[in-house]
Amino acid sequence: AQSVTQPDIHITVSEGASLELRCNYSYGATPYLFWYVQSPGQGLQLLLKYFSGDTLVQGIKGFEAEFKRSQSSFNLRKPSVHWSDAAEYFCAVGSGAGSYQLTFGKGTKLSVIP
Amino acid sequence: EADIYQTPRYLVIGTGKKITLECSQTMGHDKMYWYQQDPGMELHLIHYSYGVNSTEKGDLSSESTVSRIRTEHFPLTLESARPSHTSQYLCASSQASAGNTIYFGEGSWLTVV
Chain A
1 AQSVTQPDIH
11 ITVSEGASLE
21 LRCNYSYGAT
31 PYLFWYVQSP
41 GQGLQLLLKY
51 FSGDTLVQGI
61 KGFEAEFKRS
71 QSSFNLRKPS
81 VHWSDAAEYF
91 CAVGSGAGSY
101 QLTFGKGTKL
111 SVIP
Chain B
1 EADIYQTPRY
11 LVIGTGKKIT
21 LECSQTMGHD
31 KMYWYQQDPG
41 MELHLIHYSY
51 GVNSTEKGDL
61 SSESTVSRIR
71 TEHFPLTLES
81 ARPSHTSQYL
91 CASSQASAGN
101 TIYFGEGSWL
111 TVV
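Heads up: the sequence lines are chains A and B, in that order. For the first sequence, position 84 (counting from the first letter as 1) is numbered 84 according to the working numbering, and the numbering increases by one without interruption. For the second sequence, position 59 (counting from the first letter as 1) is numbered 59 according to the working numbering, and the numbering increases by one without interruption.
Careful: at least some of the hints might be erroneous.
[Stated by the list, open to error] Taking lysine-lysine and the PhoX-like style, the derived pairs with C-alpha atoms no more than 25 Å apart in a straight line are:
{"no.": "1", "chain 1": "A", "residue 1": "LYS68", "chain 2": "A", "residue 2": "LYS106"}
{"no.": "2", "chain 1": "A", "residue 1": "LYS106", "chain 2": "B", "residue 2": "LYS57"}
{"no.": "3", "chain 1": "A", "residue 1": "LYS49", "chain 2": "B", "residue 2": "LYS31"}
{"no.": "4", "chain 1": "A", "residue 1": "LYS49", "chain 2": "A", "residue 2": "LYS68"}
{"no.": "5", "chain 1": "B", "residue 1": "LYS57", "chain 2": "B", "residue 2": "LYS18"}
{"no.": "6", "chain 1": "B", "residue 1": "LYS17", "chain 2": "A", "residue 2": "LYS106"}
{"no.": "7", "chain 1": "A", "residue 1": "LYS109", "chain 2": "A", "residue 2": "LYS61"}
{"no.": "8", "chain 1": "A", "residue 1": "LYS49", "chain 2": "A", "residue 2": "LYS61"}
{"no.": "9", "chain 1": "B", "residue 1": "LYS57", "chain 2": "B", "residue 2": "LYS17"}
[Said to hold, decoys possible] Sample of chain B residues at the chain A side, in silico, Cβ under 8 Å:
{"no.": "10", "residue": "TYR48"}
{"no.": "11", "residue": "ILE102"}
{"no.": "12", "residue": "PHE104"}
To be clear, the hints were calculated from the coordinates, so they are not data collected in a lab. The beta-carbon is built from N, C-alpha and C at its ideal position, and this holds for glycine as well.
When you get a sec, could you build the whole thing from the sequences and use the hints?
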């Protein structure tokens with residue numbers, strides 16, 4: 001069975017500082033990996049995804065993530081955080097094109113200090 | 001990006017009442033999903049559908065039921081609401097030809113009192 005671990009429940013960074021949110025997955029085959037962001041009271045917005053190819057993927061809002069198969073990781077990064085980035089971030093792994101479902105991590109809440 | 005609409009966004013209802021959460025998508029996606037998310041917790045898949053007349057239960061057991069009579073519509077029904085059903089319900093859809101990326105609606109917050 002697939003699983004996702006987000007080790008950090010809550011991270012606080014200063015505005016303008018760099019950010020890295022950790023995500024480790026467990027899946028037997030090549031994973032489909034996603035990062036979603038959720039603002040309070042809202043649904044989930046897709047930030048970026050990895051299916052295959054270049055292991056460094058670019059997303060919206062200046063985010064990027066790097067797939068490292070040897071470490072089973074898919075960490076999310078942003079070089080300079082804005083106050084509007086404060087939200088909950090979820091990493092997810094998909095089971096493949098056939099019976100396609102997502103397994104989510106428990107999320108990392110990001111707080112931004114002005 | 002998919003357009004997915006959920007109604008109602010917020011609902012407070014008494015115990016024992018029947019409720020239906022509506023979900024519609026305008027992109028013609030074949031797959032649709034319902035996830036349940038308790039505050040501060042991860043999402044759990046409770047129902048999914050591969051297409052019209054297809055419904056399957058997800059990883060998390062749920063007393064709710066779903067139907068898929070039309071491609072664009074995937075309503076979720078609770079016959080008799082209980083306080084334990086208080087949660088956020090997120091509808092989503094995806095399409096194999098669009099890379100199977102799952103797109104979410106804004107969610108329906110259900111409170112059962």
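Practice task
Hint by hint, work out which the structure violates, then give me just those numbers in ascending order.
Solution key: 6
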